[in-house]
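Protein chains: 4
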Amino acid sequence: MNGTGSENLLQRTFQRVLGQWRDITSGAPDDAPLAPGLPDRDADRVRRQMRACLEGHGGEVSARARAAALGRAYMSLTAEGRARFLRILATEFDTDRQAVAAAAIGLDELDDWGGRKRRERQLRAALEPPRLRLLTQFNALPDGVKFLVDMRATLLALASEDEAFADLEADLKSLLANWFDVGFLELRQITWDTPAAIIEKLIEYEAVHEISDWDEMKSRLGVDRRCYAYFHPRMPDEPLIFVEVALTAGIADDVQALLSPREEAEAAADTAIFYSISNCQRGLDGIGFGGFLIKRVVDQLSAEIRRIDTFATLSPIPGFRKWLDGYLAEAPGELMTRGERRALAAFCGADDDAECLAVLIERPGWHRDDALAKTLAAPLARLCAHYLAREKRDTGRALDPVAHFHLSNGARMERLNWLADTSPRGIARSCGLMMNYLYEVDDIAGNHESYTGAGEIPASSRFRALLR
Amino acid sequence: MNGTGSENLLQRTFQRVLGQWRDITSGAPDDAPLAPGLPDRDADRVRRQMRACLEGHGGEVSARARAAALGRAYMSLTAEGRARFLRILATEFDTDRQAVAAAAIGLDELDDWGGRKRRERQLRAALEPPRLRLLTQFNALPDGVKFLVDMRATLLALASEDEAFADLEADLKSLLANWFDVGFLELRQITWDTPAAIIEKLIEYEAVHEISDWDEMKSRLGVDRRCYAYFHPRMPDEPLIFVEVALTAGIADDVQALLSPREEAEAAADTAIFYSISNCQRGLDGIGFGGFLIKRVVDQLSAEIRRIDTFATLSPIPGFRKWLDGYLAEAPGELMTRGERRALAAFCGADDDAECLAVLIERPGWHRDDALAKTLAAPLARLCAHYLAREKRDTGRALDPVAHFHLSNGARMERLNWLADTSPRGIARSCGLMMNYLYEVDDIAGNHESYTGAGEIPASSRFRALLR
Amino acid sequence: MNGTGSENLLQRTFQRVLGQWRDITSGAPDDAPLAPGLPDRDADRVRRQMRACLEGHGGEVSARARAAALGRAYMSLTAEGRARFLRILATEFDTDRQAVAAAAIGLDELDDWGGRKRRERQLRAALEPPRLRLLTQFNALPDGVKFLVDMRATLLALASEDEAFADLEADLKSLLANWFDVGFLELRQITWDTPAAIIEKLIEYEAVHEISDWDEMKSRLGVDRRCYAYFHPRMPDEPLIFVEVALTAGIADDVQALLSPREEAEAAADTAIFYSISNCQRGLDGIGFGGFLIKRVVDQLSAEIRRIDTFATLSPIPGFRKWLDGYLAEAPGELMTRGERRALAAFCGADDDAECLAVLIERPGWHRDDALAKTLAAPLARLCAHYLAREKRDTGRALDPVAHFHLSNGARMERLNWLADTSPRGIARSCGLMMNYLYEVDDIAGNHESYTGAGEIPASSRFRALLR
Amino acid sequence: MNGTGSENLLQRTFQRVLGQWRDITSGAPDDAPLAPGLPDRDADRVRRQMRACLEGHGGEVSARARAAALGRAYMSLTAEGRARFLRILATEFDTDRQAVAAAAIGLDELDDWGGRKRRERQLRAALEPPRLRLLTQFNALPDGVKFLVDMRATLLALASEDEAFADLEADLKSLLANWFDVGFLELRQITWDTPAAIIEKLIEYEAVHEISDWDEMKSRLGVDRRCYAYFHPRMPDEPLIFVEVALTAGIADDVQALLSPREEAEAAADTAIFYSISNCQRGLDGIGFGGFLIKRVVDQLSAEIRRIDTFATLSPIPGFRKWLDGYLAEAPGELMTRGERRALAAFCGADDDAECLAVLIERPGWHRDDALAKTLAAPLARLCAHYLAREKRDTGRALDPVAHFHLSNGARMERLNWLADTSPRGIARSCGLMMNYLYEVDDIAGNHESYTGAGEIPASSRFRALLR
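Residue numbers (my numbering), protein chains in the order written: chain A, 1 to 468; chain B, 1 to 468; chain C, 1 to 468; chain D, 1 to 468.
Calculated from the structure, these hints are not laboratory results. Please note that a few of the clues may not be correct.
The list treats identical chains as one, so a pair stands whether inside a single copy or across any two.
Stated by the list, open to error - Under the rule of at most 20 Å between Cα atoms (straight-line distance), these lysine to aspartate or glutamate pairs were calculated in the EDC-like manner:
| no. | residue 1 | residue 2 |
| --- | --- | --- |
| 1 | Lys117 | Glu169 |
| 2 | Lys374 | Asp254 |
| 3 | Lys374 | Asp162 |
| 4 | Lys173 | Glu128 |
| 5 | Lys117 | Asp94 |
Given the structure is predicted, the values throughout are model-derived calculations rather than measurements.
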């Protein structure tokens, strides 16, 4: 995601920084470059540098210059070398066990308020690992924030395989969560007048409906279309998350129609359809601003275009087909009405409804066979509604990740749309079905409560009818 | 410092925010405004709101809207009401004693690494007081950062009289230290083309050499003068700290000459004199960026004007006269040479040197009496040098705060200047003496080490001669 | 108006230009500076340079570099030297009499359309004086436009005394009229966030109600006040004309009240009062954009603040007192009713109404004597209404210049206000009277027609009552 | 060139304008839209509107609103309708023959200076056709300047077939020449951070070496490449002309190598190669700023990158092949040396050198046949050098338009490059040959003089050797 381009940029800017700081760092880092794989001899040099940064010799300004040198060194390493670098940070600059124990002992017996508070502060200080300070020092550099975001992306990958990295990853996450507080983010509208370098990134980062070329991107920024992204002031050229919106007459039910080029504005547009939301920075996983983004855009559009009074999504159902395969394999009981069953028999030799369904949705191009598609519509919709509204994780959240995202933002389930995404991916992942989630401004807080509290899933009567 | 103007702005912007969020907050805050003194009945409403924000009913977006309502309520209170508001926050939303104790018990006996790490994380979480989250929620508001900076200014005043506020103040400081990391700050040159609203603030905030009117300010931004300030991206109209610089031929020794208007650029300018550094936000006390500011400006000026190769200050010695009075009162022994003593006798009836000095520097206008001034020059300079270089606090840092600031930034003591500031304030605080601290780029890190480590004070041979 | 500051700037920028072009101009201008008074010997050098620019040796780029050198030379001259420089331009680079005559002869006898058109083009070319091309060449310089505007200010002064400069002035006017077409101008709102350098100029240029200091200026940009100025893209730091507006409840009738500081916004504001319009550039005299400015501001305010639906001025009547003195001296007949006459007799020994009036309005502080002021109100208002609506120049336009400006913009006479400007200047120039001109959007075109066509003066019935 | 996109924009903006002005124009234009072909009945309405604009009923502001309505009407017409509209303007709003004659008669007999000047001014006024004022009025509109530039593009096409449009086209050209004076133009560097909308236009407008897609464009803005364009402040989204530059080690001789993507910066780059210059606005034909653009870019690059000290082009020779065909057809005498002739005989049956050449360069892919290409190199180079340096128009200017452009800008002929452009177009138009023109800063003015004065063509000795 954050490819060579940005790394080259980082290297360039570090060099500039080093130029700037050059006269300030006495005892500058050895000039000999590190070997890219960070063999033991070089690992020692890195270790010493880290220690020097933390001890702050020569003052905080010098420490930051040293951190720059370290950062440059890190950028020059191979993936293996970087893993070694991070392992040193993760294991050798952790909290001091003795100090923590000393501060913790007897804390519960302290009775005077002032004394207890002082001890709590001591303990909190002891629990803060030194490496956190080093991570912070990188921020004095140009692109230091991007550097840390990319470092966390690397750590997330490493931590998934080796627990030793988990704590360092968590430290970095807490630091970034602080810095990427939504109050610091800047909402920008993306238009065809946005710098090409940023539009290029959106094309690359789009995760829902792939953008094939610049013409398609232009069309997504054209008549009756809107695009908004969050940016951080210290990463002004890097979108964090973006949403694509279509202004339509009524709630849209067909994403291919939405994506095709238009010539003229829709006179009767009264609805904003959020048809794609993509996160851009893997290193910010788990630091959520999607909910804020949607609401900021709702506010902005309401204020700007008075006639728009409905806000809904046209969303993929990424987990449906996978769930369906498992479900059908377990040969469930009653799936459909007698009439539906008869209709199905015309297409399928199998006795069993479930088997029959499983066979038919494997048939290539089934959705272009009108009669077959018509026959499949009702049973698939009913199964999908069940999947969306009834299937949950242990924690009580909806199994489908997109459903969970919108429900926890306070949306409700509005309408399930048949053959709404007939792209190969749409057919493969959700049998062509798509969902409209509705953001009804007055109900958002209540919906959120119902969902996160009681675990109830707000839905339109139309959708609920599918569940009976 | 942060007067009515900015409060009005805050109130305006909160109203705007509430407007924006209005449809999102269901169960919006009661509309009846709080009584300004926050009597008990209203304190209960505030308490409930705080709890609601922390419990996050209706989702994080709603919580932030509630925080906005709380913030608006706070702004409408009197000083007394605000103190009550903050006391609730300080005492009722602190860490949970039981939870802390539970997490701490037995920590030192945990032997497996993974288990200990998990417990440390638990403990860290327990030590984080809930109010910290509430403080963070204010950041989603326009001017939320300024709101918190001003709140800390209020807390600093309260905490100096009542320990109950100290922990809340410390929480807020840690939050702000994180957000005001120097890497986030933006250096801007201030010129006559800077918005009037910002220039007005500099006039107000100038703490070293008062600016009497706009003409004087214009002259300080004119020929051979520079001014730089740090800003935070979320407080773009509020300078945090600024420095005023004069480009001179050689190291300047007279601040009145420096402040008088000039017509033409100095052809032979080879030196940048930092003659005034002022902090603007009381709420950021103790979060130091002065050292970074000086070095950034040194970098910038070096790059921009090749012929400038000397960087020094012309600094006040704010504590000299106060120290001197105490020193003289203790009737010290040898103060001066026989020649000096004889010269002094011509002006003073007293037998005792110290008494004599004490009397003479009380004489109004002594510095305009050439013969007297000449007689006082040597003894006062010697005493002042002693004060600057020898008088220290228990911690080992220099007693004079300006000296401590520059020494810990890596400067050295360069030259003491006689009758360098003959303004009433200059005479009253330092008998007209001023110091040049020199920033020699190659020595900065070493000087810093000498001072912060061994407690040695780097000085020019000329200055050292005064100490013999 | 365009003082030393801008000239210094010009000299600086010319030097920069010359630096830029230095390598391009072969045969660069002699380095020896011209003598400031431009004696004959140096005048010859100037003449040669002008010729070289016009002949375009070395190409158009070189010609422009030469024009820069000439411009720099001009800036270095004294007023006398500049007059000589301009005289050379005015008299030696005029149209070629022979060429004009040759092209004109027989033109009326040409019968074929094509031939006549060709001849017309020849004639037009012959009528274009060479110096016009030289004036244009200055535009390639930074601040070239400002240079020409200032040059025209100088020419206007010279031309008023010596007809020889009139044609050059007219050439320059036509060039500037072309470049300052209103379509090129940029409307900017001036606020307290506008650069200090521009606000300083507004303080200086304000021609109607003097601004005494920065605090007063801040108040004029504060609550319920607006200020707009036109700028040219090539003079971005120089306002061309600006208007000050107050948002009031109803049409204001007292300018002192308008100018005094306010604390809070007026909840019932429904009217925009244009209380000051000032031209800033003498060199643009006669190139009118005042009418456009008013209408642009009306548009902008209408769009921005829905509740504002009345647009009027509170204007000085600069010529009233001067006219009144003449009028009274000619001892006119009936001036007032018997009742008024009796009331007046209480204050004045004179027999004659006119004489009595003339005496009384000379009495210092008459407007603070309530009884006297009340007595004078009706007769002065009647005379002033007569002056405004009946006294005209030969051309039919209103004698009062402010009245003429607003009437030709399509406003109507709305209301005459007694003791509306009691500043010394207001009393001296218009006996404290001020006018409201009303811009009724639907009537603007019609009012303009009535005034510029039939010479009729649109007025409210209230105002017309004064004329009976 | 200026397609539907911009027309739609114009229509939108006119509507906005009409909205803005709506309240000001009383007696607004009929609401019924014109028929697109402008039949006689509608032509009458247009005629009346034009007259109303010129007579200025309702004031200048109203006139401009009317001009906006007229402009909108024009935009709604078909090509045929527009031609009718323009014909009305061209033939019915021309100068008044009688007035011109009256002012011209007896002019040559006027002896007093003042009288003659007055008469000249009268005559000049009479020679200014009324339609010029109408054209100017369009400038008060958003995009009015672009409107006029596009109108001139239309007029140039019409005038090439019907002389009746020529004068209107010339009027418009003089107006635009005034407004597009180079002093008003803004040089912008185009980078990958430039808005996509502008980069898209460059891709479209590139006239020399076609840009196939966005990747190629990105590469032309990448490492060691530069791009600069001129813009007008009133057409900020429309490039007027742009130049593409490559930074190379030595003078480049192969445009395909230049256009292929690069990974890394060239360490030894000392030369800036201007390899493509494209005009973007047909409506500005004949208003030259190419020479200024080159010199501004030379200045900018010299200042920015010290090591660059050579400035040259790698230019097409668009007219060579066409000229060559004619030349060879006339069977010229001696073309080549005996050795060359013999070498050629190996490939060609023809007796005649010229015929032989003519045949061989028709052979598809001849340039990929090494032996053949080697044989053709010397004779073709010699012929091309002759074409470039010896073939001239009657006016004395070089026959090849690119050669003329650079020579009149002061460049010299530096080097002819064999097989420097092997694209189909390069082979077809210039047998693969390309020229380097060298801009030697010190010689530019002298070269210009030699070329435009004596008609001499400056050339390197190497190039001159080809001419012997």
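- Violated hints, by number in ascending order, as checked against the structure: As far as the earlier hints go, only 3 is violated by this structure.
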